[in-house]
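Produce the complete structure using the sequences and hints provided.
All you need for our numbering is the position in the sequence shown, starting with 1, plus 1.
By construction, these hints were calculated from the structure, which means they are not laboratory data.
Since the structure is predicted, the reported quantities are computational estimates derived from the model, not experimental observations.
You can trust all of the hints, since none of them are fake.
Label-pair ranges, simulated between beta-carbon atoms:
#	residue 1	residue 2	range
1	Ile-68	Thr-45	12 to 22 Å
2	Pro-122	Thr-45	13 to 23 Å
3	Arg-112	Ile-20	40 to 50 Å
4	Ile-20	Gly-107	48 to 58 Å
5	Ile-20	Asn-69	43 to 53 Å
6	Ile-20	Met-131	46 to 56 Å
7	Glu-35	Leu-13	38 to 48 Å
8	Arg-104	Ile-68	11 to 21 Å
9	Ala-14	Ala-121	22 to 32 Å
Don't be surprised by glycine CBs; every beta carbon is placed ideally from N, CA and C.
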Amino acid sequence: MKRLAHRRTILLAAATAAIAATAGADMPHPTQIEVAIAYEGGGTIPKGELVVYLDGAASGPSGGARINAQSDGGSRQMNVLIALPPSATGGPLPRQVVARLQRTDGWLIARGSTQVQAGAPATITLHTVMY
2 MKRLAHRRTI
12 LLAAATAAIA
22 ATAGADMPHP
32 TQIEVAIAYE
42 GGGTIPKGEL
52 VVYLDGAASG
62 PSGGARINAQ
72 SDGGSRQMNV
82 LIALPPSATG
92 GPLPRQVVAR
102 LQRTDGWLIA
112 RGSTQVQAGA
122 PATITLHTVM
132 Y
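Here it is as structure tokens:
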């Protein structure tokens with residue numbers, strides 16, 4: 002009798018693993034990533050051009066999707082949506098979302114990045130760049 006109990010346990014574990022693997026494969030891939038950007042210490046984001054882009058294996062070396070926005074120097078948080086490139090919607094997600102804040106003459110003011118989590122919004126904290 003003890004042998005049947007072990008057999009049932011093994012079959013139950015195998016069935017559970019098969020169902021879990023099938024459920025994970027059917028999950029839809031997101032088509033865009035929501036990104037919230039804040040400045041270090043909770044301060045206002047300085048005036049300048051904000052460039053947000055994807056960085057990682059799925060987006061390639063060119064950076065893939067890219068968003069440009071203007072900071073007016075008065076807001077504490079900015080929210081942007083980045084559309085994933087068609088090559089990334091069926092495959093692995095890009096590894097990082099990177100945000101760069103530049104002055105109008107091109108000098109970098111602040112930079113931040115975060116890891117991309119499937120199905121979760123990304124939050125980036127901009128840190129002042131030291132030259």
